[in-house]
Every structure is written in structure tokens, then in C-alpha cells.
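A.B. asks: Residue-level listing of the chains:
Number of protein chains: 2
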Amino acid sequence: MATKTSAPRAAKTQRSPRISNRDRILAAGIKLFAEHGPDATSVSMISEASGLNRRMLYHYFGSKEGLYEEVLKAMYDRMNSVDVDLAHMLLPAEELLKKIIQGYYRFLNENPEFVRILSWENLRHGRTAKAIDVAAVKAPLIKALGVSLQMGARDGRFRSDVDENQLLISCMALSFFFFSNQYTLSMLLGKDIHAPRLLEQRVNHVTQLILEGILIKQPTPA
Amino acid sequence: MATKTSAPRAAKTQRSPRISNRDRILAAGIKLFAEHGPDATSVSMISEASGLNRRMLYHYFGSKEGLYEEVLKAMYDRMNSVDVDLAHMLLPAEELLKKIIQGYYRFLNENPEFVRILSWENLRHGRTAKAIDVAAVKAPLIKALGVSLQMGARDGRFRSDVDENQLLISCMALSFFFFSNQYTLSMLLGKDIHAPRLLEQRVNHVTQLILEGILIKQPTPA
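One line per chain: the protein sequences are V and A, in this order. Everything in the first sequence is counted per the working numbering, starting at 984 for the first residue and increasing by one. Everything in the second sequence is counted per the working numbering, starting at 984 for the first residue and increasing by one.
Watch out, some of these pointers could steer you wrong.
Copies of the same chain look alike in the list, so a pair counts if it fits in one copy or across any two.
Here are the simulated lysine-lysine pairs, BS3-like style, with alpha carbons at most 25 Å apart [to be verified]:
#, residue 1, residue 2
1, 1014, 1082
2, 1014, 1081
3, 1082, 1047
4, 1047, 1126
5, 1126, 1014
6, 1113, 1082
7, 1056, 1174
8, 1047, 1174
9, 1113, 1081
10, 1113, 1174
Think of the hints as simulated: they come from the structure by calculation, not from any bench.
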């Protein structure tokens, strides 16, 4: 092992071999853009938070806007990995929808930066997201959901008029809104809606609503 | 009628008797806070947009933050009038839920400022909304929904385990998200989701999902 005094550079590299300067700037960007939004975050703030010279930011990302685009891509990549996992499971629609709702709630709960950055981005009229192939991110899951809904409809379990695009948007809406609007929602209910028990109640309500919502119903005898 | 030349002040008052200076500043505040957010909007911008001296803003609202609080209250008042109308209708749950969904979609479509200001406010951790009694805004509608759900459950039409708070949050989520995230959603679907035909399709999907979601189902015979 290299000693700190004799070889400080090598020691530093050995101690955190996986965190490159580029990743350090990216991580600072994610944190600051999420908190303050892309417009109110300055290059100096990112430089200070990453502990790296501002010229390093220009070297790796060209500009603040360039870094922001990479941050947005990194956020979509995280979400994408959830979608891809779900798309590959080849599950019956009931199971797939349960896992989508649980997966989205877990992901958004663990990734508050994703929620905030997507909110900022929409307030900016999606200016930078245009550079990202958003459709490609969701396409595999939409396809998987379409196939499993068709199978369920053929088996006579599900309504055959449920559009997979609409249904996935509904799953996204029912999960995203709970996090993006958490402050006004907590005030509305007079309690912190992100307490674990309330989060669980919410996931149960949404899962049941979606599953019952697509089942074929027989009217109860009068 | 007063002529313009002989009595310009009186004529001006007669021509727009309902727009006070206070309302003019409030309207400029709504427009600018919605577009740029409360932090990036300056007193000079509001003064220029309203055509009124910045001292007028301080006179009526004390500070930019004071104006922003009034803007947020004005937004909640608009939404409140939708909720109060719905709460007073005493409708069976099917009809009430249909009208909630249609009413929310119409309101949000016609009031993009509401969507944006609520998004900004949540990104600011609900700092200013704390001054508003958000719970009181939704309470009458939650109560009305609770009563009509109970009646439907007693009649054997609805599941008896549907919580009115959860269901209203779902209606809010399914409508709000469609507007707040319109840019990334449009990219996801590869089309402008706010085209009238797509908006109508969306309202139909959500209405059906919610209504089917609370109905009691009889399993289809195997």
C-alpha cells in the first residue's frame, strides 16, 4: 500500500478509484439542479460543490447547459432501468401492473432528484428534454403492457378497450403527482403523506384502483 | 357620457371601472410568476408588465413575497370555486366523479397559470402555501364524495373499502400530471397531447378507469 506522505496522488486514486472527476461534477450537477433548478444554479455553485475547478466543467461538458443535458439524460437512464426490468418480465397484466406501480413508487421515493428535475424541465417547456429520445425510454414497457393486456382480454379477464399508452400514463400520473405535489398534498390532508404507513396505503389504493379499473365486470343482480 | 378631452380621469374610470390598480398588479404577478417562477420574477418586471410604479406594489402588497402570497391565494380561490360547485350538487358518486374529472380537466386546461404556480410552489417546498388553509379548500368536496360513496356502497354498487381522500387525490393526480408534465408526455407519445381529440380521449380513459375501479365486480364464470 502506498503511504499518504510518500505518494499522495496515487493514494487518492486508490482510495476512490471509481469516482472520476467527470462523475463528481455530474453528481454535483444532479444535486444542485434538482434543488435550485437549472436557471438558478451557477457554474461557481457546481464548482464549489464538486470541489473541482470550473474549467473542469467546461472541459467535460462544454457549458452549464451541456452539463444540464447530461444530468437530464442520467435521470432518464435511472428511470429507464426500472422500465426495462419490468418490460422483460413477461408477466400477466395483473402482475405487471402491480410491479409497475410498486416499482414507480419505490423509484420516485428513492430518487427525489428525478421528480424535481422533471418538474423543472416541464416548467422550462421541455426545452432540453427535446435532445433526449423520451419515446424510446418508455417504448419497451408500453409494448410489454400492450401484449399482456391483449392476453388478458383474450382470456376474458380484462376489458378489451383499454389502451396501453393511456394506462401507463395513468400509472405514471398516480405515482409522480404524489411526489411532485407532496407539499400541497400534505397540507391538504393535514399530515405528512410520505410517512411509510401512508405511502403503503397509497400504493395499495392505486394498485386496487388500476386492477379493478381494467377488469371485466358483471353487473350485480338487482 | 364624459368626453375624453374634458374629463380624462373620469373617462378612464368609466371605461374600465372594474380593473383597479391592485388588480392590475395582481394580474401581472399571476402572469409573470407562472412563467418565470417567484424567484426569477423581479419587482421591476411586475412594474413594467402592469404599467404601474413599483411603489404601488409595495403600497398594496408590502413586498414581492406579499404579492406572491396573494397570487397563490387567488389561484386557490379559482380552484376552490370548481370544488365548491361540485360539492353542492349532491349527486350519486358516478355522476359526481364524472363531473370532478371533467371539471378538473376543463379547469386545468383553461388555467395553465394554476398548474405552473402550483408546480413552482412545490419546488419551493410549499413555503408560501403554508400561509393558506389548503385543507379547507378541499374539505367540502371530500365530504360530499364520502357521502355519495357510502350511499353507493349501501346500494351494493360500489366497493365499500374506497377511501374518499385517496380517490380524490387520484382524480387530482390523473388530471394535474397530464398538464404539469405535458412537455415530456408529448415527447413520450410523439404527439401534442393537448390537441382537443387527445384531451377528450384522455378524459374518457380516466373517467372509465375511475368508475370501473370503484364498482363491485362479480368474477366472470370460468
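A.B. asks: Looking back at the hints listed earlier, which ones does the structure fail to meet?
C.D. replies: Structure breaks hints 1, 2, 3, 4, 5, 6, 8, 9.
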